[in-house]
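There are 2 protein chains.
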Amino acid sequence: MSTQNPMQEIPEQESLQLLTQKDVGRLVFRVGDDIEIFPINYHADGRELTFRSAPGTKLAGSIIAGRAIFEVDDIGEDEVWSVIVRGSVRLLDTAAEISAAEELELQPLVPTVKRFFVRLDVDEVSGRRFHRGPEPEPDVEPTD
Amino acid sequence: MSTQNPMQEIPEQESLQLLTQKDVGRLVFRVGDDIEIFPINYHADGRELTFRSAPGTKLAGSIIAGRAIFEVDDIGEDEVWSVIVRGSVRLLDTAAEISAAEELELQPLVPTVKRFFVRLDVDEVSGRRFHRGPEPEPDVEPTD
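Sequence order for the protein chains is C and F. Every letter in the first sequence is one number past the one before it in the working numbering, and letter 10, counting from 1, is -8. Every letter in the second sequence is one number past the one before it in the working numbering, and letter 49, counting from 1, is 31.
Think of the hints as simulated: they come from the structure by calculation, not from any bench. It cannot be assumed that every hint is accurate.
When chains are identical, the list treats them as one kind, so a pair holds in a single copy or across two.
Listed next, the in silico EDC-like pairs over lysine to aspartate or glutamate satisfying Cα-Cα at most 20 Å (straight line) [said to hold, decoys possible]: (1) Lys40 - Asp27; (2) Lys40 - Glu(-9); (3) Lys40 - Glu106; (4) Lys4 - Glu(-6); (5) Lys40 - Glu85; (6) Lys4 - Glu61; (7) Lys40 - Asp60; (8) Lys40 - Glu(-4); (9) Lys4 - Glu79; (10) Lys4 - Glu59; (11) Lys40 - Asp5; (12) Lys40 - Glu59; (13) Lys40 - Asp103; (14) Lys4 - Asp56; (15) Lys4 - Asp15; (16) Lys4 - Asp75; (17) Lys4 - Glu30; (18) Lys4 - Asp16.
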């Protein structure tokens, strides 16, 4: 491996830490043969991601889907990082969980009355960092 | 509809125009029962999105999948917009198309030798703008 490799895997703990630096990511899940994706405000704590939503929204679809993917990234001029996590989705339904979720700093993108909390329990973490740079000449073979 | 509605649909032409303001979005597609999502550099011209990739990458999966979703957004403190397009994916294989694609300002995130161009022909466009704001008190019913 070259130290100049333009793409680097980000270790799991660092990937989870990066999730705490942002507050909007993209939730992706299947509904039958279709795929839904939408940006959503979230709170990250280790492998627990928490979302807030109103009834009757697309987020409800993620609960039906059971599993979801969540992507968070930072797109800089010189560097891009992207963390993708996968896990199972469930509605928070115990008083203790809901009470704890109420304390989180969640600011939904659509600020209507939202009484439901959704939890993504992460079981797969993948992080990558890209150093954007000029492309090698087509005649030059990659060295690694 | 209220003029203070925190979420607004963005008209199709404006949505397509917004795509030209960014150069990295997220490509999403199915591979069997799984969903792949990854950030990718792109060029947008109306309903034609162009990507560049090396052989053997995930992007090859999108061609096999045949259809893909592409999401581009801007996350500001007060406002978030997100444009989601859907369409069919194909490898550019005519000399004329490849020659035209060579002229595009594409800067792949992984700057190795990349000889393939992939085209997403958009047939569905959805744009939304969210005005981030404080949440109403739970006792207040939405007025619209």
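Hints versus structure:
1. Neither within a single protomer nor between protomers do lysine 40 and aspartate 27 lie at most 20 Å apart by alpha-carbon distance, with minima of 23 Å and 29 Å respectively.
2. When the C-alpha separation of lysine 40 and glutamate -9 is checked against a cutoff of 20 Å, the pair qualifies only between copies, where the shortest distance is 15 Å, while the shortest distance within a copy is 31 Å.
3. For the homomeric pair lysine 40 and glutamate 106, the shortest alpha-carbon distance between copies (18 Å) is at most 20 Å, but the shortest distance inside one copy (23 Å) is not.
4. For the homomeric pair lysine 4 and glutamate -6, the shortest alpha-carbon distance inside one copy (17 Å) is at most 20 Å, but the shortest distance between copies (28 Å) is not.
5. In this homomeric assembly, lysine 40 and glutamate 85 never come within 20 Å of each other (Cα to Cα): the closest approach is 24 Å inside a single copy and 39 Å across copies.
6. Taking CA atoms no more than 20 Å apart as the test, lysine 4 paired with glutamate 61 passes in both settings, with 16 Å inside one copy and 15 Å between copies.
7. In this assembly of identical chains, the alpha carbons of lysine 40 and aspartate 60 never lie at most 20 Å apart, being 34 Å within a copy and 22 Å across copies at closest.
8. Proximity of lysine 40 and glutamate -4 under a CA criterion of 20 Å is satisfied in neither setting, with 30 Å inside one chain copy and 23 Å between copies.
9. For the homomeric pair lysine 4 and glutamate 79, neither the shortest alpha-carbon distance inside one copy (22 Å) nor that between copies (39 Å) is at most 20 Å.
10. In this homomeric assembly, lysine 4 and glutamate 59 come within 20 Å of each other (Cα to Cα) both inside a single copy, at 18 Å, and across copies, at 11 Å.
11. In this assembly of identical chains, lysine 40 and aspartate 5 lie within 20 Å of each other by CA distance solely inside one copy; the values are 19 Å within and 27 Å between copies.
12. Taking identical chains as interchangeable, the C-alpha atoms of lysine 40 and glutamate 59 are never at most 20 Å apart, the minima being 32 Å within one chain and 23 Å between chains.
13. Taking the shortest Cα distances, lysine 40 and aspartate 103 sit within 20 Å of each other inside one copy (18 Å), while across copies they are farther apart (25 Å).
14. Proximity of lysine 4 and aspartate 56 under a CA criterion of 20 Å is satisfied in both settings, with 9 Å inside one chain copy and 13 Å between copies.
15. For the homomeric pair lysine 4 and aspartate 15, neither the shortest alpha-carbon distance inside one copy (30 Å) nor that between copies (29 Å) is at most 20 Å.
16. For a Cα distance limit of 20 Å, the shortest separation of lysine 4 from aspartate 75 qualifies neither inside one copy, at 26 Å, nor across copies, at 40 Å.
17. Taking the closest pair of Cα atoms, lysine 4 and glutamate 30 come within 20 Å of each other only inside a single copy of the chain (14 Å); across copies the shortest separation is 30 Å, beyond that limit.
18. In this assembly of identical chains, lysine 4 and aspartate 16 lie within 20 Å of each other by CA distance neither inside one copy nor across copies; the values are 27 Å within and 26 Å between.
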